[in-house]
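**Student:** Chain residues, written in single-letter form:
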Amino acid sequence: AQKITQTQPGMFVQEKEAVTLDCTYDTSDPSYGLFWYKQPSSGEMIFLIYQGSYDQQNATEGRYSLNFQKARKSANLVISASQLGDSAMYFCAMREGLSTGGFKTIFGAGTRLFVKA
Amino acid sequence: EPEVTQTPSHQVTQMGQEVILRCVPISNHLYFYWYRQILGQKVEFLVSFYNNEISEKSEIFDDQFSVERPDGSNFTLKIRSTKLEDSAMYFCASSEHGQGTDTQYFGPGTRLTVL
Chain A
1 AQKITQTQPG MFVQEKEAVT LDCTYDTSDP SYGLFWYKQP SSGEMIFLIY QGSYDQQNAT
61 EGRYSLNFQK ARKSANLVIS ASQLGDSAMY FCAMREGLST GGFKTIFGAG TRLFVKA
Chain B
1 EPEVTQTPSH QVTQMGQEVI LRCVPISNHL YFYWYRQILG QKVEFLVSFY NNEISEKSEI
61 FDDQFSVERP DGSNFTLKIR STKLEDSAMY FCASSEHGQG TDTQYFGPGT RLTVL
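Residue numbers (our numbering), protein chains in the order written: chain A, 1 to 117; chain B, 1 to 115.
Any given hint might turn out to be false.
[Claimed, not checked] Far from chain B, by Cβ distances over 12 Å, these chain A residues were calculated:
| id | residue |
| --- | --- |
| 1 | MET11 |
| 2 | VAL13 |
| 3 | LYS16 |
| 4 | THR20 |
| 5 | THR24 |
| 6 | ASP26 |
| 7 | THR60 |
| 8 | ARG63 |
| 9 | ASN67 |
| 10 | ALA71 |
| 11 | ASN76 |
| 12 | SER80 |
| 13 | SER87 |
| 14 | PHE114 |
[Claimed, not checked] Keeping only pairs whose Cα atoms sit at most 16 Å apart, straight-line, the calculated EDC-like set for lysine to aspartate or glutamate is:
| id | chain 1 | residue 1 | chain 2 | residue 2 |
| --- | --- | --- | --- | --- |
| 15 | A | LYS3 | A | ASP22 |
| 16 | B | LYS42 | A | GLU44 |
| 17 | B | LYS83 | B | ASP63 |
| 18 | B | LYS78 | B | ASP62 |
| 19 | A | LYS3 | B | GLU44 |
No lab work stands behind these hints, which were simulated from the structure alone. Ideal Cβ placement from N, Cα and C applies to all residues, glycine included.
Looking at chain B on its own, in the form it has when it is part of the complex:
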C-alpha cells in the first residue's frame, strides 16, 4: 500500500541553524501539507501546497518557514533559523485532491529537537 515517507526520523540541531525536513508524498497525490505537534499538545496545521504554490498557511508559518517541491517526488520544509520552541514532531501529509471526501494521509513524522 502506498504511503507517505519522511526523512530523517529524528533531527537534532543547534538553535539558529537551518534544517530541512524531507517528505515523499504518495505518488499520485497532488496536495501536500505540513503539520507539527509539540510534545503533549495537539497537531497543528502549518501549510498546504498545490501546483507549486502555497494554498493556505497558518499564523505559525512565518517567514522562517518555507516549503518547496524541488523535484517530482520530494516535498520539503525548511526552517531557516531554528528556535528552541521549534522542537516538535513534524508531519507531512498528502491527498489526491484538495477537497470533497479527500483524506489526508500522514507520514511517520520527523522529530526535531533544537538545543
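Next up, chain A with everything else stripped away, as it sits in the complex:
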C-alpha cells in the first residue's frame, strides 16, 4: 500500500492565485511528521513546511500553509498568491515513529505545478 499518495501529477495555476496540492498518507503510528519539499528544475530539494501529528494548529510558513486533516489522513499544501518562481515539482513526505526514532522520510510521487503569467 502507498504510504504517501499525491493524486495530481500536474497542476496549473494563474499567477497571484492560490493553489492546493493534495496529499494523503497512510500510517498506524500515532507519532509522525509530514513535510512538503519543492524541487525546481535545477534538481535540489527545498524544505517548505512541517506538520507534526500532535500539532493542534495547521502549520504556516509565509505563503505556504498545510491543511492538516488528521481524521482524513490528508495534508494538503496551500500556496497563496502564486508566483512564476513557484513552478516546480512538489513532494509530500512523511516520517513515522518519531517518538521511537524514525529516520527515513517516505516521499510521494510528486505534483508538478505550472504557474501561468
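Given chain A, work out where chain B should sit, using these hints.
**Tutor:** Using the frame of chain A, we list chain B on its own:
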C-alpha cells in the same frame, strides 16, 4: 544560512567502476542520510547514519553500497561496482536530531550516470 553541500554535481562512470559521492552536512547536525531519485520517479530512502553507525537502511542499500564519515565534516556514499540501474540523482541530507520535529535538509544532489 548553513546548507548541505555535495560534490560532484554530476558524475559519469563506466559500469563496474567504483564511485564515491561526497557530502558536507550542516555543521551542527548529527544525523546524516542518503536518498536517491531515479529520473522521473519518487525519492527513495537509502540509509541513515548516526554516531558512526548505520541506524537504518532500506532494501535498496545492499552490499554494493557503503557509507562513511571519514573526518569531522564529510559524509560519503560509495558504490562498489556500479550498474546501469544505479543511474540516478543522489541526495545527501542532514538533521540536527533524529526524531521529533526535526527536519531533514537536503543537498543539491549528485547526478550519477552509469554508462
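**Student:** Now tell me, hint by hint, if it's right for this structure.
**Tutor:** Here is how each hint holds up against the structure:
The beta carbon of A/MET11 sits about 17 Å from the closest Cβ of chain B, which is more than 12 Å, so the claim that it is off the interface holds. Against chain B, the non-interface label of A/VAL13 holds: every CB pair exceeds 12 Å, the least being about 22 Å. With a cut of 12 Å on Cβ distances, A/LYS16 stays outside the contact zone with chain B, its closest approach being about 27 Å. For A/THR20, the shortest C-beta to C-beta distance to chain B comes to about 20 Å, beyond the 12 Å cut-off, and the non-interface label holds.
Remark: the non-interface label on A/THR24 is consistent with the geometry, its nearest Cβ contact in chain B lying 15 Å away (cut-off 12 Å). A/ASP26, annotated as away from the interface, keeps every beta carbon of chain B farther than 12 Å; the closest lies near 15 Å. Interface exclusion of A/THR60 from chain B stands, the closest Cβ pair being 15 Å apart, more than 12 Å. At the 12 Å boundary, the C-beta of A/ARG63 stays outside the reach of chain B, the nearest C-beta of that chain being 18 Å off.
Residue-level check passed: A/ASN67 sits 19 Å from the nearest beta carbon of chain B, beyond 12 Å. Every Cβ of chain B is farther than 12 Å from the Cβ of A/ALA71; the closest lies at roughly 22 Å, confirming the non-interface assignment. The claim that A/ASN76 is not at the interface with chain B holds, since no C-beta of that chain comes within 12 Å of its own (minimum 18 Å). Every C-beta of chain B lies more than 12 Å from that of A/SER80, the closest at about 22 Å, which supports listing it as non-interface.
For A/SER87, the non-interface assignment is confirmed: its Cβ lies about 17 Å from the closest Cβ of chain B, beyond the 12 Å cut-off. At roughly 17 Å, the least C-beta separation between A/PHE114 and chain B is larger than 12 Å, which holds for a residue marked as non-interface. About 14 Å separates the Cα atoms of A/LYS3 and A/ASP22, which keeps this hinted pair within 16 Å; it holds. Between B/LYS42 and A/GLU44 the alpha-carbon distance is near 14 Å, which keeps this suggested pair within the 16 Å criterion.
Straight-line distance between C-alpha atoms of B/LYS83 and B/ASP63 comes to about 13 Å, which keeps the hinted pair within the 16 Å bound. Between B/LYS78 and B/ASP62 the alpha-carbon distance is near 11 Å, which keeps this suggested pair within the 16 Å criterion. Between the alpha carbons of A/LYS3 and B/GLU44 the distance comes to roughly 12 Å, so the proposed pair stays at or under 16 Å and holds.
Hint violations for this structure: none, all hints satisfied.
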